[in-house]
Amino acid sequence: MGSHFLAMVMFAACVAVVFSVLMKDEPLEQLRLGGLLFAGFVGTAVVLGWLLLPFPL
Amino acid sequence: MGRKSRDSRRSRVGTAPPQEASGPDSGRALAAATLAWVMPGGGHLWLGRRQKGLVFLVVIPAMFLCGLWLEGRLFPFEASQPLVLLAAFAGLGNGLPYLVASLAGLGEGRVVAETFEYGNTFMIVSGLLNMLVCLDAYDVALGRK
Numbered sequence: 129m130g131s132h133f134l135a136m137v138m139f140a141a142c143v144a145v146v147f148s149v150l151m152k153d154e155p156l157e158q159l160r161l162g163g164l165l166f167a168g169f170v171g172t173a174v175v176l177g178w179l180l181l182p183f184p185l
Numbered sequence: 125m126g127r128k129s130r131d132s133r134r135s136r137v138g139t140a141p142p143q144e145a146s147g148p149d150s151g152r153a154l155a156a157a158t159l160a161w162v163m164p165g166g167g168h169l170w171l172g173r174r175q176k177g178l179v180f181l182v183v184i185p186a187m188f189l190c191g192l193w194l195e196g197r198l199f200p201f202e203a204s205q206p207l208v209l210l211a212a213f214a215g216l217g218n219g220l221p222y223l224v225a226s227l228a229g230l231g232e233g234r235v236v237a238e239t240f241e242y243g244n245t246f247m248i249v250s251g252l253l254n255m256l257v258c259l260d261a262y263d264v265a266l267g268r269k
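Line by line, the protein sequences are chains C and L. Using the numbering used here, the first residue of the first sequence is number 129, and each one after it goes up by one. Using the numbering used here, the first residue of the second sequence is number 125, and each one after it goes up by one.
These are calculated hints, taken from the structure and not from any lab test. None of these values were measured; they are calculated from a predicted model. Even glycine gets a Cβ: it sits at the ideal position worked out from N, Cα and C. Any given hint could turn out to be false.
A few chain L residues that face chain C, going by a derived Cβ cut-off under 8 Å, partial list only [as the list claims (entries may be wrong)]:
#1 A186
#2 L189
#3 M255
Over 12 Å on every C-beta distance to chain C, these chain L residues come out as not near it, computed from the model [claimed, not checked]:
#4 L154
#5 P164
#6 V183
#7 G191
#8 S204
#9 L209
#10 L223
#11 A228
#12 G229
#13 E232
#14 G233
#15 E238
#16 T239
#17 S250
#18 L266
Just a sample of chain C residues kept apart from chain L, beta carbon distances all over 10 Å, derived [what the hints assert, rightly or not]:
#19 F139
#20 V174
#21 F183
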């Protein structure tokens, strides 16, 4: 797999699913928390990526 | 201090604290946690939490396999390198998939692969998540959840 973004999205999806199923019992609540976690992970990674862009490796 | 409050305090002191896990409940909880470690989701399936068990059974091994596919490494138990040792313990949290992959000689890791660190992260985190699942199965078996 060459896409770092895809790897990050897969990672975020897996972690969000496990956390939401661990923490909530009702399917609707699991869906809500899972979506929130997934969006939070991906959104944070994208924002951090943009913020770190000006810095040299 | 009034008599009433002294009495209430005495009665509170005299009351035995709630019993922690003991006897058959504790054994059942340990069995659930062990089963959850050996087979991710197995503890929940055994306890009748089918939906949760199936999700863990699919997602955690899938994460581990993703890590192998991304050419991550199964870290060895080397006491001289504390971070490697911690990563090895985290990987061990995967249970049976970890043992099978170790015995099959998988997870050598290819340091020059661009996804090497991603692979490591997938395998370490899936092990840590399975440890949380084990603790959850333990709590469920004790009736705390």
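Return the numbers of the hints above that this structure violates; sort them in rising order. 2, 3, 5, 6, 7, 15, 16, 17, 19
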